[in-house]
Amino acid sequence: MMKKSKIIITNFSLLLIVGIVFFAYKSNNLRLPEYKTIDKSKLRLNLAKRLHELWMIGPAEDELLACPKLDKSAPLAYYRCNTDYLECSFNEDIVTNGKVFRGKLIDADKVEFKSDKLSFSYKLEQNCHMVYLPQRFYSEGDKRIEENLWDNLNRHFYVDKFYVTNSEVKKWNNDSKLKDNHNANTSLTVKQKVKYCQDQGKRILEARVFDAASFLYERDPENGYFYKYRTHFTKGRTFLSKNKDLEEKNCFDSYIKGCSKFFEFQNYDNIALSSTGIANVIGSEEEYVLNRFDNRRDYKLSSKNLAMNSIYHQVGFRVDNKNYKGAFRCMLQL
Amino acid sequence: MHAAIIALLILFTSCKEIRFRDSFYENVNDRWSAGVDISQGQNLKLNEFIVRPKSINIPLLKVAFFNNKGARVYDCLFFYAAGDNRPGVLKVVENTNNISCEKLASEKEIAKITNIFNLKVDIVANRLKLFVDEKLYEFILLNMGEFPNKKYEAPIKKTYTPGVLYLSDVTTAGAKKESIKDGQFCYKIDDDCSVSKKNICNQCESGWHEIIDSKCASTFSRKCGADKCGQKGESACIRGSATVGLDTNFYCINDSPFGFCQEGLRVMCVNEVLVCI
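Residue numbers (the working numbering), protein chains in the order written: chain A, 1 to 334; chain B, 1 to 277.
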């Protein structure tokens, strides 16, 4: 009995010593309670994650309903990287780690979250709607022969997926006549389009880059020749060359005359997508591009105004038409 | 009972890696969590104890991070290694003008730790670890993403929260960047593809454009000014040397295939530059 209690006392003492050493060690390291109470890094990261969702992923349909001022007819994609939606979403507080934060848009690209005592700032990057052009060989123009060849190996180009909108232009030039909406802007002259893109730190989209991002290519492994197909969505014959009635599914490949009876064309819808991911390759709006090879071929006539049998419904087929204003997009080289 | 003691001992020893937080950590972390980049000092060997040179402030790192306006600002981290009679000191100095850290060795610190005997530095991806005696200070540089390894992939850094950059509370303005006028080089490549002028094209007043002015096939010099390539009297547009498939040593000839111009114009080589005439 005596021996047993001796063992218990010894073990208890040993445990006590180890415990004291352990807690002394712990308290020496983490004894400053004020630094333990707020994990600022965690808050900073959590708020950034929420901001990333609001900015890059955008709203779900029911989330958009909470924003009465926003145009519900616009596709949801339009509200990605969109400061109007961001401002609306800041009407609600964000609660993280027991702290309540209110967001505020400080500049077009800066957001601040504030609580009673804390404040965190973030910068927004505009890269939701740009498509990277793969590095490879390309050919400008609609001709099936190898002409106007170029490559972008070791050079980085990004292309706007959709047309520049009225809203974006209105923010740039404060044109009171312009409607504040997601429709493709067609009001600017060529000079103004060039200046608009330049002021965004970009360049007006070039014809060769547009073609590169649009064509379906096939490269012959033996002689290196590459074939450019007439449309961006198939190598074979298409509904455009068949004498058939237009069907709704055709309008997703190319929004042309007659499609309006199925659905209305919307900029920011995934219509006429190329394999690289840019939209409106054929059909949709008439579009201006800058042609470095031949400035007499800088206007894409293929649009929703032309019927399915029009010869203009071909990738890379452009005409000289500087009086037309047309839609446009920008590109970026890094 | 013995098992409990052993478990407690294991717990005790495993706690060696606990991240330490004190005023030094808080001050520095408020800045460096908005970090974009770390440049290592010449003498720094990662994950090795720093014991010499003694009696001078050794520049260990230069950390780039965003201020509250989104501009890049810099800090330098120095270590004064422990000598016979004096323990070491670790200090962070603000590098307002983005100059070499060596020049700031005697400047006043914004945060410091004294009485250091052992120091080790490690950088793993975007984590900077300072092992100060038995303490570990760990800083996560949230804007310091990794570029993809794949050669032809978009050069976009992969960060925790793409599209959102973290800003610090630091109000210090970054070094004033003078804008560069149109027509001046903002990036210069030599014939052997070495960079003779670092890329500062983001300081151009109205964009930049590439020109062919060297034998280098993989990258091209850049000048400030809107891209008017292909037009009469302007530089030739770049076709890409892979497309041409010829030795770039002979790029500077009239009708050079390495450049192209608008219909009706010729590519000419004037003063080693391909232009359209």
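Everything labelled a hint here was simulated from the structure, so no lab data went into it. Some clues are possibly wrong.
Just a sample of chain A residues kept apart from chain B, beta carbon distances all over 12 angstroms, derived [said to hold, decoys possible]:
| id | residue |
| --- | --- |
| 1 | Leu47 |
| 2 | Gln126 |
| 3 | Cys128 |
For the chain B half of the interface with chain A, some residues (derived, Cβ under 7 angstroms), not all of them [what the hints assert, rightly or not]:
| id | residue |
| --- | --- |
| 4 | Ala154 |
| 5 | Thr172 |
| 6 | Ala173 |
| 7 | Thr219 |
| 8 | Arg239 |
| 9 | Ala242 |
| 10 | Thr243 |
| 11 | Asp247 |
| 12 | Leu265 |
Treat the numbers as computed from the prediction; the structure is a model and nothing was measured. Yeah, the Cβ is synthetic: ideal placement off N, Cα and C, and Gly gets one too.
Violated hints, by number in ascending order, as checked against the structure: 1, 2, 3, 5, 6, 11, 12
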